[in-house]
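Using the sequences provided together with the hints, build the complete structure.
Chains as they are written, first to last, in full-length UniProt numbering: chain A, 1 to 195; chain B, 1 to 195.
Heads up, a few of these hints could be off.
It does not matter which identical chain is used: a pair holds within one copy or between any two.
[As the list claims (entries may be wrong)] Lysine to aspartate or glutamate pairs mimicking DMTMM-like chemistry, simulated, CA-CA at most 20 Å apart: (1) K13 - D89; (2) K47 - E58; (3) K146 - E167; (4) K21 - D89; (5) K2 - E58.
Simulated from the structure, these hints should not be mistaken for laboratory data.
Number of protein chains: 2
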Amino acid sequence: MKLLKDKIAQEGKVLSENVLKVDTFLNHQIDPELMQAIGEEFATRYKDEGITKIVTIESSGIAPSMFAGLTLGVPVVFARKRKSLTLTDNLYTSKVHSFTKNETNDISISQNFLSSDDVVLIIDDFLANGQAVLGLLDIVEQANAKTAGVGIVIEKGFQTGGGIIRERGIRVDSLANIKSLANGKVEFFEEASTR
Amino acid sequence: MKLLKDKIAQEGKVLSENVLKVDTFLNHQIDPELMQAIGEEFATRYKDEGITKIVTIESSGIAPSMFAGLTLGVPVVFARKRKSLTLTDNLYTSKVHSFTKNETNDISISQNFLSSDDVVLIIDDFLANGQAVLGLLDIVEQANAKTAGVGIVIEKGFQTGGGIIRERGIRVDSLANIKSLANGKVEFFEEASTR
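Set out below in structure tokens:
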């Protein structure tokens, strides 16, 4: 997606060979127009897949998911990273290890909001080692729902997550797929979208 | 806002005299069409105030903020919640006590995304005791930015937060203002919006 790749080229900060900071438009400050374009792109790609629900994870997955959900006319459910007091019983839960923070969290979704009737589009901001998406896939499986695919804003294609998920036969659409962050420069794969 | 009050009446679950659960459309599953209507309502109310930035807090404030930001043509910045910050470089921080969770968290916004040139609309999902909004107001003050007002999706008007903030001369727009949750029933104040 050219609009997104241009934005990354202009505003992304390469902090190391593994870390790209995009907090001017995605992870802290958010650009609503770009999120709308991203959400609509996901919606266009999945419009014939019979999606009934968008599943994402707090916090940075919520913004692009809102616009995908609006365009597809379906609700968005976001997984919580820890349990709150009003949300205890009736949960699907999975463990997600964060390599950046070096900690493992439970993520959870209420059983009220996912069922075997659902066809799910999973959306997240980043795909690196794939832990968050694997946790969401686990939750969708627990609900006996169907995953139509995974929509990712920025994939770090030089890390293992995308390969692991695609090897499981799951469709992954990344709107920007990064080949390398070496020498302080962002290099993209030619084809950002891979089925 | 009638659409919102109808939704609360239909789907809100009164768990106690103080707790209203609205996780079917706001706090866990999110209704994108309703969020769009809410965001556009905030934008309409603040269209002549010269807003340059929406400030909210993760996670449930993000969805309505996206649509307000899109309509007003301004970025959204969400404050992050953290247990406690060791690295506080380049951050505005404030402490927020959660009575529901009985814990105090630091909230923070990067100094890159708020300055004395900004006119801020603060948006949050709930206003109860006002701790989260007071923390955001503190951060806006640290940046020497101006707060044009506070947009709240659901105010629990029988709690103290709204009064505390309005007494400081700050405009608060609540789209649904709850008078009472007694006897398992949601009762609204006549006028949901108060300046």
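When no copy is named, should K13 and D89 be tagged within, between, both, or neither for a Cα gap of at most 20 Å?
Intra 41 Å, inter 15 Å, cutoff 20 Å: inter-copy only.
At most 20 Å between CA atoms: does that hold for K2 and E58 within a copy, between copies, both, or neither?
neither (26 Å within a copy, 28 Å between copies)
At most 20 Å between C-alpha atoms: does K146 with E167 qualify within a copy, between copies, both, or neither?
within (17 Å within a copy, 51 Å between copies)
20 Å Cα threshold - placement of D89 relative to K21:
between (36 Å within a copy, 14 Å between copies)
Between the shortest in-copy and the shortest cross-copy C-alpha distance, which are at most 20 Å for K47 and E58: within, between, both, or neither?
So K47 and E58 fail the 20 Å test inside a copy (24 Å) and across (29 Å) alike.
When the structure is compared with the earlier hints, violations turn up for hints 2 and 5 and for no others.
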